[in-house]
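Asks: Okay, here's what each chain looks like letter by letter:
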Amino acid sequence: MGKLIESAFSEDDIDRRGFLKCMAWAGTGAFCVLQGGVVKSFALSSLPRNLAALKGDLSFVQISDSHIGFSKPANPDVTATLQEAVAKINALPTPPAFVLHTGDLTHLSKPEEFDTLDQVLKSLRTSRVFYVPGEHDVLNDNGKQYRERFGHEAVGEGWYSFEHKGAHFIGLVNVLDLKAGGLGTLGKEQLEWIENDVKKLKSSTPIVVFAHIPLWAVYPDWGWGTDDSEQALSYLKRFGSVTVLNGHIHQTMQKVEGNVTFHTAMSTAFPQPQPGTAPSPGPLKVPAEKLRSLLGVTDVNLVHGKHTLGIIDSPLDSGMQK
Amino acid sequence: MRSLLVFSTVTFSAMLLLIFGLAAASYPRLAVTLADEPANKNEVKIDNFNFAPATLTVPAGTRITWVNRDDVPHNVISTDKKFASPVLDTDEQFSYEFKDPGTYLYYCSIHPKMTGKVVVQ
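Which chain is which? The protein sequence lines are U and A, in order.
When we follow my numbering, the leftmost residue of the first sequence carries the number 1, and every step to the right adds one.
When we follow my numbering, the leftmost residue of the second sequence carries the number 323, and every step to the right adds one.
Don't read these hints as lab results, they were simulated from the structure.
Being a predicted model, the structure only gives us computed values, none of them experimental.
Among the hints, a few may not be true.
Said to hold, decoys possible - Here are the simulated distance ranges between beta carbons:
id	chain 1	residue 1	chain 2	residue 2	range
1	A	419	U	199	45 to 55 Å
2	U	71	A	424	15 to 25 Å
3	U	219	A	402	54 to 64 Å
4	U	142	A	441	40 to 50 Å
5	A	374	U	90	40 to 50 Å
6	U	73	A	403	30 to 40 Å
7	A	419	U	72	49 to 59 Å
8	A	402	U	278	41 to 51 Å
9	U	165	A	370	42 to 52 Å
10	A	412	U	217	22 to 32 Å
11	A	374	U	93	20 to 30 Å
12	A	408	U	90	49 to 59 Å
Built from N, CA and C at the ideal position, the CB exists for glycine as well.
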């Protein structure tokens with residue numbers, strides 16, 4: 001599979017066939033890189049070479065959808081696969097500045113599930129982990145426990161922003177107060193906060209937004225989108241580079257729309273079907289030897305001056321191409 | 323053989339109750355007895371991110387049971403805040419007795435695309 005994709009992509013652009021491949025699960029053996037609003041893709045077998053080429057002023061890692069507590073056949077040991085993701089991150093040639101977890105830390109919001117996640121991520125070789133909640137982290141208590149554990153510096157119902165090496169990071173919450181028949185929701189209070197938060201920034205500041213449910217309409221029929229994301233993005237129109245990182249759908253997808261590049265990450269726990277290919281979303285049972293190729297981590301590099309972000313999705317099992 | 327006999331008796335009683343319109347007082351208990359029967363008409367099955375049947379019409383006083391047959395957690399939340407289940411993991415269930423006639427809309431607040439309706443006559 002790796003060879004097929006390699007030949008479908010050119011070095012500086014991708015064709016339609018390549019893009020479709022890129023949208024598929026990372027298990028196809030491809031990983032995708034984002035630079036200057038253009039998606040570039042490379043075969044997994046050439047990872048080391050490309051890693052060096054993408055070295056920038058800032059690199060960080062995104063992980064997502066760990067679902068600690070899940071034990072169904074799709075992955076009976078989600079703690080082990082999270083540990084594998086951690087090992088993979090710890091083996092990166094340059095330790096990431098920090099790690100972003102884009103939600104669904106747990107499966108059922110149980111205290112012991114949060115404890116396990118916390119414990120596993122303590123062994124990460126990085127300075128800090130930033131979180132946003134998924135819908136599985138706010139069950140029964142509207143996210144109170146999640147915020148007590150992970151939202152100390154957050155405002156409102158858990159959103160916040162921070163600066164790192166000239167880039168502005170915004171963590172959003174779109175899994176609370178969901179309305180019947182609707183999608184993910186940011187809500188009025190959070191939208192106002194976003195508008196204020198970016199007001200003071202220069203338009204040349206690279207912006208990275210991260211939230212659990214995609215902030216673009218991936219597949220509304222399955223609830224894969226956010227009702228009021230358009231308004232949030234309208235506040236970011238004047239910025240030269242906006243990168244949106246999401247989880248929730250347990251597979252990689254990318255879309256470029258003007259100055260905004262959207263990206264979803266794999267899960268560290270279990271894959272989900274591609275949109276419309278199954279009666280519903282949900283854990284996808286794949287042969288055991290294939291599972292690790294469908295789980296993974298996302299490594300992001302910021303290259304200063306160019307204001308571009310390079311993104312690599314690495315399946316947990318990247319040895320399969322060698 | 324014995325369980326088959328019990329089942330037939332219960333089914334027969336249910337039919338009798340329906341025919342004679344005596345449902346109001348005794349039906350709720352009957353519904354609990356039959357909770358594990360897939361054909362129970364007072365049961366809403368949650369599977370593949372769907373409530374089935376999406377609309378259920380019942381006489382007043384009926385106790386409806388939702389059973390989660392999906393491999394992800396769901397809940398059952400009244401749009402008008404009249405009832406709310408805890409989060410139901412796989413094979414967990416929730417029951418609510420509908421005393422008053424009316425139309426009751428509900429959804430899964432974890433996956434709000436999932437909506438359903440109970441019509442109580």
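Asks: For every hint, state whether the structure bears it out.
Replies: Quick rundown of the hints versus the structure:
Checked against the given bound of 45 to 55 Å, the beta carbons of residue 419 of chain A and residue 199 of chain U, roughly 53 Å apart, stay inside it. Between residue 71 of chain U and residue 424 of chain A, the C-beta spacing of about 40 Å breaks the proposed range 15 to 25 Å. A hinted range of 54 to 64 Å for the beta carbons of residue 219 of chain U and residue 402 of chain A is inconsistent with their spacing of about 29 Å. At about 30 Å, the CB distance of residue 142 of chain U to residue 441 of chain A disagrees with the hint of 40 to 50 Å.
Our hint of 40 to 50 Å for residue 374 of chain A and residue 90 of chain U holds, since their Cβ atoms are close to 46 Å apart. Taken as a hint, the range 30 to 40 Å holds for the pair residue 73 of chain U and residue 403 of chain A, whose Cβ atoms sit roughly 36 Å apart. Taken as a hint, the range 49 to 59 Å is violated for the pair residue 419 of chain A and residue 72 of chain U, whose Cβ atoms sit roughly 32 Å apart. In this structure the supplied range 41 to 51 Å is violated for residue 402 of chain A paired with residue 278 of chain U, their Cβ-Cβ distance being about 32 Å.
At about 45 Å, the beta-carbon gap between residue 165 of chain U and residue 370 of chain A stays in the expected band of 42 to 52 Å. Taking the beta carbon of each, residue 412 of chain A and residue 217 of chain U are about 29 Å apart, inside 22 to 32 Å as hinted. With their beta carbons about 51 Å apart, residue 374 of chain A and residue 93 of chain U fall outside the hinted range of 20 to 30 Å. Range check, residue 408 of chain A to residue 90 of chain U: about 38 Å between beta-carbon atoms, so the 49 to 59 Å window is missed.
When the structure is compared with the earlier hints, violations turn up for hints 2, 3, 4, 7, 8, 11, 12 and for no others.
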